[in-house]
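Protein chains: 2
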Amino acid sequence: MAKEKKLVEAITSMEEDFAQWYTDVVKKAELIDYSSVRGCMILRPGGYSIWENIQKELDRRFKETGVENVYMPMFIPESLLQKEKDHVEGFAPEVAWVTHGGLEPLQERMCVRPTSETLFCDHYANIIQSYRDLPKVYNQWCSVVRWEKTTRPFLRSVEFLWQEGHTAHATAEEAEERTIQMLNLYADFCEEVLAIPMIRGKKTDKEKFAGAKDTYTIEALMHDGKALQSGTSHNFGDGFAHAFDIQYTDKDNKLQYVHQTSWGMTTRLIGAIIMVHGDNSGLVLPPRIAPTQVMIVPIAQHKEGVLEKAAELRERLGAFRVKVDDTDKSPGWKFSEQEMRGIPVRIEIGPKDIEENQAVIVRRDTREKLIVSLDNLAEKVGEILDTMQREMLERARIHRDAHTYQATNFEEFKEAVATKPGFVKAMWCGDQACEDKIKEETGATSRCMPFKQEEIADTCICCGKKAKSMVYWGKAY
Amino acid sequence: MAKEKKLVEAITSMEEDFAQWYTDVVKKAELIDYSSVRGCMILRPGGYSIWENIQKELDRRFKETGVENVYMPMFIPESLLQKEKDHVEGFAPEVAWVTHGGLEPLQERMCVRPTSETLFCDHYANIIQSYRDLPKVYNQWCSVVRWEKTTRPFLRSVEFLWQEGHTAHATAEEAEERTIQMLNLYADFCEEVLAIPMIRGKKTDKEKFAGAKDTYTIEALMHDGKALQSGTSHNFGDGFAHAFDIQYTDKDNKLQYVHQTSWGMTTRLIGAIIMVHGDNSGLVLPPRIAPTQVMIVPIAQHKEGVLEKAAELRERLGAFRVKVDDTDKSPGWKFSEQEMRGIPVRIEIGPKDIEENQAVIVRRDTREKLIVSLDNLAEKVGEILDTMQREMLERARIHRDAHTYQATNFEEFKEAVATKPGFVKAMWCGDQACEDKIKEETGATSRCMPFKQEEIADTCICCGKKAKSMVYWGKAY
Chain V
1 MAKEKKLVEA
11 ITSMEEDFAQ
21 WYTDVVKKAE
31 LIDYSSVRGC
41 MILRPGGYSI
51 WENIQKELDR
61 RFKETGVENV
71 YMPMFIPESL
81 LQKEKDHVEG
91 FAPEVAWVTH
101 GGLEPLQERM
111 CVRPTSETLF
121 CDHYANIIQS
131 YRDLPKVYNQ
141 WCSVVRWEKT
151 TRPFLRSVEF
161 LWQEGHTAHA
171 TAEEAEERTI
181 QMLNLYADFC
191 EEVLAIPMIR
201 GKKTDKEKFA
211 GAKDTYTIEA
221 LMHDGKALQS
231 GTSHNFGDGF
241 AHAFDIQYTD
251 KDNKLQYVHQ
261 TSWGMTTRLI
271 GAIIMVHGDN
281 SGLVLPPRIA
291 PTQVMIVPIA
301 QHKEGVLEKA
311 AELRERLGAF
321 RVKVDDTDKS
331 PGWKFSEQEM
341 RGIPVRIEIG
351 PKDIEENQAV
361 IVRRDTREKL
371 IVSLDNLAEK
381 VGEILDTMQR
391 EMLERARIHR
401 DAHTYQATNF
411 EEFKEAVATK
421 PGFVKAMWCG
431 DQACEDKIKE
441 ETGATSRCMP
451 FKQEEIADTC
461 ICCGKKAKSM
471 VYWGKAY
Chain Y
1 MAKEKKLVEA
11 ITSMEEDFAQ
21 WYTDVVKKAE
31 LIDYSSVRGC
41 MILRPGGYSI
51 WENIQKELDR
61 RFKETGVENV
71 YMPMFIPESL
81 LQKEKDHVEG
91 FAPEVAWVTH
101 GGLEPLQERM
111 CVRPTSETLF
121 CDHYANIIQS
131 YRDLPKVYNQ
141 WCSVVRWEKT
151 TRPFLRSVEF
161 LWQEGHTAHA
171 TAEEAEERTI
181 QMLNLYADFC
191 EEVLAIPMIR
201 GKKTDKEKFA
211 GAKDTYTIEA
221 LMHDGKALQS
231 GTSHNFGDGF
241 AHAFDIQYTD
251 KDNKLQYVHQ
261 TSWGMTTRLI
271 GAIIMVHGDN
281 SGLVLPPRIA
291 PTQVMIVPIA
301 QHKEGVLEKA
311 AELRERLGAF
321 RVKVDDTDKS
331 PGWKFSEQEM
341 RGIPVRIEIG
351 PKDIEENQAV
361 IVRRDTREKL
371 IVSLDNLAEK
381 VGEILDTMQR
391 EMLERARIHR
401 DAHTYQATNF
411 EEFKEAVATK
421 PGFVKAMWCG
431 DQACEDKIKE
441 ETGATSRCMP
451 FKQEEIADTC
461 ICCGKKAKSM
471 VYWGKAY
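First to last, the protein sequences are chains V and Y.
So for the first sequence, UniProt numbering puts the first residue at 1; every next one is plus one.
So for the second sequence, UniProt numbering puts the first residue at 1; every next one is plus one.
Note that these hints are calculated values from the structure, not bench results.
Note that the Cβ used here is the ideal one computed from N, Cα and C, for glycine as well.
Check before you lean on any hint, since a few could be wrong.
[Claimed, not checked] In silico DMTMM-like pairs for lysine to aspartate or glutamate, Cα to Cα no more than 20 Å straight-line:
#: 1; chain 1: V; residue 1: 63; chain 2: Y; residue 2: 133
#: 2; chain 1: Y; residue 1: 27; chain 2: V; residue 2: 64
#: 3; chain 1: Y; residue 1: 329; chain 2: V; residue 2: 250
#: 4; chain 1: Y; residue 1: 56; chain 2: V; residue 2: 64
#: 5; chain 1: V; residue 1: 329; chain 2: Y; residue 2: 64
#: 6; chain 1: V; residue 1: 27; chain 2: Y; residue 2: 133
#: 7; chain 1: V; residue 1: 369; chain 2: V; residue 2: 401
#: 8; chain 1: V; residue 1: 136; chain 2: V; residue 2: 250
#: 9; chain 1: V; residue 1: 323; chain 2: Y; residue 2: 64
[To be verified] Simulated restraints, written as ranges between beta carbons of each label pair:
#: 10; chain 1: V; residue 1: 387; chain 2: Y; residue 2: 192; range: 39 to 49 Å
#: 11; chain 1: V; residue 1: 85; chain 2: Y; residue 2: 105; range: 48 to 58 Å
#: 12; chain 1: V; residue 1: 206; chain 2: Y; residue 2: 315; range: 47 to 57 Å
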């Protein structure tokens, strides 16, 4: 039993030290390993397979809206990066520079892409001539590099995986429509598949993307009450089009600039899954994203017929992603591993169960134990997975709402941020000076101006002037 | 009509200038665009969607054999690259070096991965302790960088997409088995899906991978008679295990070194598809890999009911990948585009066809035209796609066999290489001096020692000494 206990004991409890709990989970659930490369992580099969499922489902949803995938070079020549002024200012300080190819120095150094707006614009300038060439709705799946000083697995790393969509449209209206469409697609995906409720809204000018006219965001609340920006969608207007001279001939034979958008989600989502759903036994994966949905653990597997029955059950559950753990570890150890890895459902089957034509089903999130007849096992498992998916979203929503406060003056606001981890809703005048002051004095940043505005007061909590919008504020990852 | 002709006229014929024909096809079929980054190409939707289909099918086949996907960092610290002597010698001259992160110089420079053996070994040394941890059968999909001086789209570029499998096994036998298993998986995939017949065999020591004990290869013959190495699988023995100290405790509690393999295929396969199947009207895609299998072209689409009928046919053909070209281009232009892009089947449907309850089907490879009743359209399309897939492989095999020669002495060999583009089968003593001399005097390299050996003579064509094996020789991409 000593050995069996080790796996669980090795995790710090989240109440004791949330950051350490997080680090323990990513390691012990075998999602990542640290590498010899500073700030870069290795995505192990446990972590990468979650990303594969995210990719598969997002990609399907993208394509339904007409997205086409492409692949751009990973390098950006320095002169190309510099074409759009705000953009280069935002990214130049945090890129990795390639200066030598083989044994020779390069004539012009190149950065490893931190994002690919400049490459897409350069390409669009080449291939867009007429209104017939529009819209272009391209996306790429790749990795990008940002030279971060402090890194944490999934949340902030030097290299990370993501998708970046880049579109070009004939009109400003169409670009705005696409920007919002993708934001909603992201939010729906997170809610329906990852069971993470999202606040949808617009970033303040201070927080928007380098080079964007408007940035929209979806924001989630983690278990510790900190916010996580989970996806962003940017409307560039025609700023990049002017910088890169992307023009088309319209139906009246006049030259027009295109209107552009970009939007991205990253492996950060895996961090969100961990911090929204995890518990002190490890990861808890929403069934729809879990690489393995059901782990069958044979009990007394050396006894005749047990392994055969386990294999038979796997066949019967062919509609789900099922594995049998037939390694030579003890059942207790297998239970701990299945819990640590967040596999939604465990089925225990032993000689006594076989005799009674039944199995024990244990749900990962609630630990609920059910004894089920083998005759309707598949049906039951399906029900449990559906219920679990629904209830995980519901619990996350309840947690978020219970940790969403509001403040009508600066004192209330400061107290809320200092004592109650979570979102604080408060009115703002729209002035960056107030936003800066709030961040400086409380550590909370503006997360977004939600689409669903509420009039909780008339005046800005900071300066007392007339309020322009309600903002979600919070400390964030 | 002038405009319609342009698309086709713009292609150089392959008989006139094969290299130019190739370049024309990759551009006009919109597979790639050149980028502002030297030697790097942009994979446009037409090209990337072929890669997506290759990925999907290969990945499925990998996973059936127990492969798990992971993701490693894109950077390799210089000290890590240097751990295995042969490996670093092979790759150091052609890597891109990152020397600065943000505004500061790095303490140790890092290369962008040209391949990831060193990173996998470093990781394996961390995670492999016991025989219980074996085998590890990992793969990653990513891009790699090799600082090539002369580049050609798909065939040789500074950055390219690939998969790289890296495995660790308890025994030498198991490693050898996996090496051969993956080579056969590659060859089967190329033959069954890409309709490209392969020669399976072993590389000579001169041609093997930097650091490998044995390299196996699959070799294809292009339309112009040049060979293309299409996939390789390496058995490393325990060389890397010694260099990186990857040891496990066996069942008898003794420390043992692991035995490793690696294997990879790249976007080069798209070059092979073009050069094996293409013709003077453009690309010809094997139905199983074609992103669009059927293009429906409405004739006189302004007339009532035509576009509706085209949409109805698309629905009826739901089992295939079908598009309707309802743009405002002329039918002739649409035909040229469908041919240029290599879409296997075109369906023409106009007012007269609708009246007669029929459609015209045109097969891309043979240009065969069929008038088919709409009542059994789906069945007919299915038959045509199957036949086309089978016949494309058969034609490629006939072409290859017709361009495979044999030589029993050096004079015959030199004449064959000089006058008959293709493979030359000839005996070899196993001595690298002969291999070097053959290359120097004829330009032909050893492609492989095929698994299916034939005794076409007793002596080496070069030195006349006793022959050890029959080798396929040829000029290669």
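Results of checking the hints against the structure:
Of the supplied pair hints, the one linking residue 63/V and residue 133/Y is violated, its CA atoms being roughly 39 Å apart against a limit of 20 Å. With a CA separation close to 27 Å, the supplied pair residue 27/Y and residue 64/V exceeds the 20 Å bound. A distance of roughly 16 Å separates the Cα atoms of residue 329/Y and residue 250/V; the hinted pair therefore holds under the 20 Å criterion. With a CA separation close to 18 Å, the supplied pair residue 56/Y and residue 64/V stays within the 20 Å bound.
A threshold of 20 Å between alpha carbons decides the hint, and for residue 329/V with residue 64/Y the separation of about 25 Å lies outside it, so the pair is violated. This hinted pair checks out: residue 27/V and residue 133/Y have alpha carbons roughly 16 Å apart, not beyond 20 Å. With a C-alpha separation of about 29 Å, the suggested pair residue 369/V and residue 401/V falls outside the 20 Å cut-off, and the hint is violated. Distance hint between residue 136/V and residue 250/V is fulfilled; the C-alpha atoms sit about 15 Å from each other, no more than 20 Å.
At most 20 Å may separate the alpha-carbon atoms for a hinted pair to count; residue 323/V and residue 64/Y meet this at roughly 14 Å. Between residue 387/V and residue 192/Y the C-beta distance comes to about 42 Å, which sits within the given range of 39 to 49 Å. Evaluation of the 48 to 58 Å hint for residue 85/V and residue 105/Y yields a failure: the beta carbon distance comes to about 26 Å. Roughly 50 Å separates the CB atoms of residue 206/V and residue 315/Y, a value that falls within the hinted 47 to 57 Å.
Figure legend: structure checked against the earlier numbered hints; hints not met, in rising order: 1, 2, 5, 7, 11.
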